[in-house]
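Now for the letters of each chain:
Protein chains: 2
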Amino acid sequence: MTTANATAFTRLTTAEPVLVDVRPAGEVVPGMTPQTILTSGAPLPWEAYRGGQRRAILHAAVYEELAADPEEAEAAIRAGWIPIGACHEHGCVGSVAGIYTASMPVLVVESARHGNRGFCNLYEGESRKRLNYGVFDEEVRRGLDYLGGSLGPLLGAAVRRAGGIPLVPIIRRALHMGDELHSRNTAATLLFSRELFPALLELAGDGWDDEVRDALRFLRDADYFFLRLSMAAAKTMADAAHGVAGSSMVTAMTLSCREYAIRVSGLGGRWFRGPLPTVEAKLFEGFTEDDIEWIGGESHITETVGLGGFAQAAAFGLQAYQGGGPEAMVANNLAMYDITLGEHPDFKIPYLGFRGSPTGIDVRRVVATGVVPVIDGGLAGKDGGQIGAGVLKAPLACFIDAARALGPAAG
Amino acid sequence: MTTANATAFTRLTTAEPVLVDVRPAGEVVPGMTPQTILTSGAPLPWEAYRGGQRRAILHAAVYEELAADPEEAEAAIRAGWIPIGACHEHGCVGSVAGIYTASMPVLVVESARHGNRGFCNLYEGESRKRLNYGVFDEEVRRGLDYLGGSLGPLLGAAVRRAGGIPLVPIIRRALHMGDELHSRNTAATLLFSRELFPALLELAGDGWDDEVRDALRFLRDADYFFLRLSMAAAKTMADAAHGVAGSSMVTAMTLSCREYAIRVSGLGGRWFRGPLPTVEAKLFEGFTEDDIEWIGGESHITETVGLGGFAQAAAFGLQAYQGGGPEAMVANNLAMYDITLGEHPDFKIPYLGFRGSPTGIDVRRVVATGVVPVIDGGLAGKDGGQIGAGVLKAPLACFIDAARALGPAAG
Chain A
1 MTTANATAFT
11 RLTTAEPVLV
21 DVRPAGEVVP
31 GMTPQTILTS
41 GAPLPWEAYR
51 GGQRRAILHA
61 AVYEELAADP
71 EEAEAAIRAG
81 WIPIGACHEH
91 GCVGSVAGIY
101 TASMPVLVVE
111 SARHGNRGFC
121 NLYEGESRKR
131 LNYGVFDEEV
141 RRGLDYLGGS
151 LGPLLGAAVR
161 RAGGIPLVPI
171 IRRALHMGDE
181 LHSRNTAATL
191 LFSRELFPAL
201 LELAGDGWDD
211 EVRDALRFLR
221 DADYFFLRLS
231 MAAAKTMADA
241 AHGVAGSSMV
251 TAMTLSCREY
261 AIRVSGLGGR
271 WFRGPLPTVE
281 AKLFEGFTED
291 DIEWIGGESH
301 ITETVGLGGF
311 AQAAAFGLQA
321 YQGGGPEAMV
331 ANNLAMYDIT
341 LGEHPDFKIP
351 YLGFRGSPTG
361 IDVRRVVATG
371 VVPVIDGGLA
381 GKDGGQIGAG
391 VLKAPLACFI
401 DAARALGPAA
411 G
Chain B
1 MTTANATAFT
11 RLTTAEPVLV
21 DVRPAGEVVP
31 GMTPQTILTS
41 GAPLPWEAYR
51 GGQRRAILHA
61 AVYEELAADP
71 EEAEAAIRAG
81 WIPIGACHEH
91 GCVGSVAGIY
101 TASMPVLVVE
111 SARHGNRGFC
121 NLYEGESRKR
131 LNYGVFDEEV
141 RRGLDYLGGS
151 LGPLLGAAVR
161 RAGGIPLVPI
171 IRRALHMGDE
181 LHSRNTAATL
191 LFSRELFPAL
201 LELAGDGWDD
211 EVRDALRFLR
221 DADYFFLRLS
231 MAAAKTMADA
241 AHGVAGSSMV
251 TAMTLSCREY
261 AIRVSGLGGR
271 WFRGPLPTVE
281 AKLFEGFTED
291 DIEWIGGESH
301 ITETVGLGGF
311 AQAAAFGLQA
321 YQGGGPEAMV
331 ANNLAMYDIT
341 LGEHPDFKIP
351 YLGFRGSPTG
361 IDVRRVVATG
371 VVPVIDGGLA
381 GKDGGQIGAG
391 VLKAPLACFI
401 DAARALGPAA
411 G
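Protein sequences, first through last, are from chains A and B. Start counting the first sequence at 1; every next residue gets the next number (our numbering). Start counting the second sequence at 1; every next residue gets the next number (our numbering).
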């Protein structure tokens, strides 16, 4: 490993992400104005956004009361009054369309070692209708209002009362309990809930009874709740490793409705763009591959730090959700050791004899082997809503471009 | 499968065990008098009890205030004033020495389908000092007093308020989360705690604040808490299948300080006894195999219903605790399909493509194949306390005797 990559790898694996607060995005996300809307993917000109991602942005403006309707929102975006930003460039990571508006509560995660922060907004709940799938109606609005008006403030109060909640211990244990922290977060959600419970109990005694009862119900039904924490933790880890001169380690991978893109530690803010990923899908009853629509997604920040597809062999239960058999999952997982810089010192995979997960994607190794990152992902449908899940493969093109920009290894 | 075995298998797999209450043993356990002490294993004459199991029985008499000291306890036992019973003959299952006295709170589990009840007392906590390892001092007494005076009554109130807690859904999920429900119960304990939270929250509001806070702390540190629920559920399932004329299915396996023994569905209350099991152990630092002492144990009621060693491939995390590699665990698990009557309809193993766990040990198949049940077990030391864990193998002799007593299969 080059010195630069060793530095990047160590910064990533020692970041110690801690959930320190839950606050409205407008209060904590860098560069966020009351009008800003963030969305998934490397930045695109407004005209390029299409389908569910475009609808999600327009609906977000209406939800935030920046515009009365989508037409007015579109005019305000074209006029530049509503700026559209890329999540990754604001310390955030987006789920699917990845919409952030100023009023939405975000999980505030901080690296205890390096001090940098990563953010993710809250899981919208189990309903198939979600703003992040480009759907907006009264039900979606009520859901977002619940997050902003009740769950967010309660979680913030609980987390502050608990003095912060370290996330690596939860992730480490969850990997021994069938989660890979991208498409499976069942154990992590439970472990996190348990950490929160003493503070929730105190808050219930302090007059938050209704909020606590509602939160328990929400958390009980939300096996995916921790995904947003896993994402914010991963963003914090990856950003801590960004900007190491000469490092060929990937620090961000992102999807918009148009393209896949990556960012590399030693190559500054530049995005290397490629085509949309290929996918082996398991679709819900009644859907075909023709129904899949790409509307963005950045949850694979987890793969960027050695989780998700890079820890598939920790989560055989995923078969039921995303298809594939145990042998394929093990093979997928093992292949990732060929393109990564090292093994994570804390994230261990029981089936692999507690071997550390393959961590730190090296663009040069991807190009040399032709092996691309595997990603556990949810799939969106043309009419909005999730229609299945599967294993995605990142396009080789962006890794080739990044390797070219890096030039030969310095050794 | 013979009709008799099909009946037994179906009764076992459809028992629907539900935790309905937590009560002092003296109030609910059949045949329990204020003086009765129950212990693990097929019944033995008093003279035969030795070592840690003998000490545990004597200490139990002192703890229950039936005697002032072990000498007085021994005299009372010899005089017949303190009857010693076998847990299994009272609807109970014992952990290690398996001590029950009348004041000890027990989990009351009831079959929603068949109406029979199974019981297990509460986990003593993470301390290596436990009455069930033959150790008794002020710390052990305080621990038992906490269970009887605080945790037990609180759990009883919470369970009644929740209207009972069905256990199969928890076990089913936990198998997808790295538990095999004998030596690993981490996920099940979390899932159970979550079921309890709403009732605990209400009880905290009703003046049980201190008990709730203490219970949360106890549950937080007690990854093994659910084992007792798993045991009581398994006992309920196994007893539901006991007494089917002609059935060669094992309905109980038990260990005392002297011997291994099994009971068979179609052979009434008769115990078939054999030598102590063989073991592949992973001992805690500083101990050798010479330090192992057999002081009883019935937690392998879980293996009797398709859990524990029969679901090892669901719990690769166990390697860290009991040794062995993933391949050996898979091989152990697969071998159990050769000696069981069927696959459990609810207990599925993700790594085996969600195949149902091998369930219902058939004494005839054990004898025909020479394959004996594998058991995930904790190991006790000569000076009291747990000194490690490992994979135990039941002795073939008791299966041969039982097969002989059954005679040829009726078909």
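I should point out that these hints are in silico values taken from the structure, not numbers from a laboratory. A portion of the hints provided could be inaccurate.
It does not matter which identical chain is meant; a pair holds if it fits inside one copy or across any two.
[Claimed, not checked] Subject to a maximum C-alpha distance of 35 Å in a straight line, what follows is the list of computed DSBU-like cross-link-like pairs (lysine-lysine):
1. Lys382 / Lys282
2. Lys282 / Lys129
3. Lys348 / Lys393
4. Lys348 / Lys282
5. Lys393 / Lys282
6. Lys129 / Lys382
Quick one: lysine 382 to lysine 282, C-alpha cut-off 35 Å, is that within a copy, between copies, both, or neither?
Within one copy, since 16 Å is at most 35 Å while 54 Å is not.
Cα distance capped at 35 Å. Does lysine 393 pair with lysine 282 within a copy, between copies, both, or neither?
So lysine 393 and lysine 282 pass the 35 Å test inside one copy only (15 Å; across, 41 Å).
Within, between, both or neither: lysine 348, lysine 393 at alpha-carbon 35 Å
both (23 Å within a copy, 29 Å between copies)
Go through the copies and call it for lysine 282 and lysine 129: within, between, both or neither, with a Cα cutoff of 35 Å.
within (20 Å within a copy, 50 Å between copies)
Between lysine 129 and lysine 382, at a C-alpha cutoff of 35 Å, which is it: within one copy, between copies, both, or neither?
Within. Shortest intra-copy distance 13 Å satisfies the 35 Å Cα cut-off; inter-copy 61 Å does not.
Pop the pair lysine 348 and lysine 282 into one bin, within, between, both or neither, using alpha-carbon distances up to 35 Å.
both (27 Å within a copy, 20 Å between copies)
In this structure, every one of the numbered hints holds.
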